[in-house]
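Chemist: First to last, the protein sequences are chains A and B. 1 is the number of the first residue of the first sequence in this note's numbering; add one for each residue after it. 1 is the number of the first residue of the second sequence in this note's numbering; add one for each residue after it.
The hints are simulated quantities; they were obtained by calculation from the structure and are not laboratory data. Watch out, some of these pointers could steer you wrong.
To be verified - Straight-line alpha carbon distances no greater than 30 Å define the calculated BS3-like cross-link-like pairs of lysine-lysine that follow:
#1 B/Lys341 to A/Lys163
#2 A/Lys147 to B/Lys480
#3 A/Lys143 to B/Lys478
#4 B/Lys247 to B/Lys361
#5 B/Lys480 to A/Lys143
#6 B/Lys480 to B/Lys247
#7 B/Lys480 to A/Lys163
Being a predicted model, the structure only gives us computed values, none of them experimental.
Chain by chain, the residues:
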Amino acid sequence: MSEQSVSRRDILRTLAIGAAGGSVLQVIPVKAAEFAHQAVHNEKSASMAGKYAPKYFSAHQYEMLTNLCDTIIPRDETSGGAVEAGAPEFIDLLTSENEEFQVTLGGGLQWLDNTCTDRYSNLYLDCTPEQRKEILDLIAYRKNAKKDPSLSQGVAFFAYLRKFTCDGFYTSKIGIADLQYIGNTSLREFPGCPPLPEA
Amino acid sequence: MSQVIRSPKMYDVCVIGSGAGGGTAAKILTEGGLNVVLLEAGPQVFPEKDYKMLMWPYELPHRGIGVGGRAAENFGEFLAPNGAWNIEGEPYTSAPGANFKWFRSRIVGGRTNHWGRIALRFAPIDFKSGTRDGLGDDWPITYDDLAPYYDKVESYIGVFGTRENVSSAPDGIFLPPPKPRCTDLLFKKACDKLGITCIPSRLAILTKSVNGRLPCHYCGQCGRGCVTASNFSSSQVMIPPAMKTGKLTMVTGAMAREVLMGQDGKAQGVAYIDKATRTEKRVNARAVVLAASACESARLLLNSKSAQFPNGLANSSGAVGRYLTDSVGSDGWGIVPALEKMPPHNHDGTGGMHMYIPWWKFDRKNDFPRGYHIEIGGGREMPGVGEFDYLCDEEEGYGASLKKRARQTYGTGIGMSGRGEMIPNPDTYCEIDSNVVDQWGIPVLRFHFKWSEYELRQAKDMQETFRAVIEAAGGEYKTKTSIDGQYPFGILEGGKIIHEVGTARMGADPKSSVLNGYCQAHDVKNVFVVDGAPLVTNPDKNPTLTIMALAWRASEYLLDAAKKGEL
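In isolation and in its complexed conformation, chain A is listed as follows (with noise of 0.2 Å):
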């Protein structure tokens, strides 16, 4: 990941060169530098995967969580899945300074370990694959909460854990490399579109 502000870095560092001529920006440089130096460090805390402490969840809710993540996002044959882009540390940090969130989420795991000790007798992450992908294919879809009225909760809660890990994974490095985003730079030309395909 540093990697990438070094090359931030080298960009400012090169534009503010440029721009130094004439020009009304005079303090670049120094201030160039603070600024991805900050980078670095906001980028390095918000990395420390593995090691994090959960904020708001309980070790054991956060556990859940990551496994939710894991299952929505999972890895593929094309990249890595969300518990790798650091989706569960971005949705635990915006929920421990969010109460709605933590009702939604907090309320919502809670749930979802309810209704799986009354259905199959044990907590989810407790149950075999097959029953948490029953459960999961239940809430996955709005209709499913139109036949089951008692699976309405979960249908909401499982659409808001979807955009969030949705979130999390594409605002990651990996998730922007695995839509093959090209940008975020410096460009002399801007090259325009290229050639359409055939149809």
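Following the hints, put chain B in place on chain A, whose structure we already have.
Modeler: For chain B alone, coordinates are given in the frame of chain A:
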């Protein structure tokens, strides 16, 4: 009550606010030789530190949406700093049902740090709207009066565009436009099919070096602020040359409270709260130029009461705070599957659209007055929070299939924003709230706001056009709006487009206007207003370029008066 500290120094001019209008005034006045004191309510801005140019979402722990996700409503963490719909300790109120949103940026450069850089001239017909359709009033000046100043502003700040000879969107002095993005090309093709005009946009972004400012490096992030000043902001382009004259004294953290009047019926200075010490201070000046933003300047005038002006300074007409408008705004988007075939490529370009639809139906009868333009967005932009909200909502599910669909649909969305002209109406204005003060003890504004049928029909037309263009591009229009509810036809709350203007309008008749054609108060000759407040109408061309042209013209007029010893 703390002691009022009086500075004995007499400045030629006190400018209040350092955004588009105030920055322009500061530059022109100091370069003309006047000593100017500039009061700015916010802090200094340090682009290299404050702007988040080239930062990735994962470099911020909150990935761009801020603590508790709450920055999302203020455009996220990446936007250039110190702007918000709500500022702690500085409230405003809305009359029941008004729900007006007021975006303020307390920082040197104001909202020009983050603005969309859309730099469109008003058209000749826009200055004669009242005569044209009988709604509202004409301006006291014509396009020809302002054209030389549009020239000056464009030449100085740098605006790209092309000469198109579209009567609703006059050509200017343009730098070359950037090449179109794929979304632009597809959009343009669809517009051609429908007979809709679609032309290169006009943005205050450098495609060539101007006055030592580097050309754009095409990171697509103008809204975050540009470390190389390759786009226009007042903080980087207007304030530095003013500073260089040695004639500008900038006071930051200075919240103007009242324009002070002398016995001779002229303004003699400004009282402000020094935010750092919470003490009241004052500056003396031979002229006062208000550029605090349309509503903030109206507030300041209304709060500047004296025996001569019991209803507020320069308000013998009662027009201060009235004639408030914002742009009509309705947005939409669709998925265009043809974009799935595009190989991954750099789509960033400049900040904002490379092409747009200027108002094109000016030659026919419509069921609403005036017009609107359409801005285009979407495509393979840098992913951010919310990127796949629609996919999650629409397709649901989870796992490998969700991931695969995200990959497939990424970059296939095209967004459109309609921005149109609102007609001033008697139910839309701001006034002083008699019960509420801000943390500086200054009475706050209370807003009244109402869209009329005109605006609703315009929003309806926008939605129909969005759908038609997306469908002509072989896509599926996704936005759903209805005729009623909180947002009929997707029309956003008043203020949401951040084009609020008109609250100290200019006019030929002092009985119905605050300022003359030079932005000079009818009632007090040494008071000028050079932000969005003087605008008589709010055409579908975003106001910033016109604010700067008017400010430039007013400043030259003021300079001339100073040279004649009339200050």
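Chemist: If a hint holds in the structure, say so; if it doesn't, say that too.
Modeler: Results of checking the hints against the structure:
1. B/Lys341 to A/Lys163: holds (26 Å)
2. A/Lys147 to B/Lys480: holds (26 Å)
3. A/Lys143 to B/Lys478: holds (20 Å)
4. B/Lys247 to B/Lys361: Violated - the C-alpha atoms of B/Lys361 and B/Lys247 are around 48 Å apart, more than 30 Å.
5. B/Lys480 to A/Lys143: Holds. B/Lys480 to A/Lys143 sits at ~20 Å (cutoff 30 Å).
6. B/Lys480 to B/Lys247: violated (55 Å)
7. B/Lys480 to A/Lys163: holds (20 Å)
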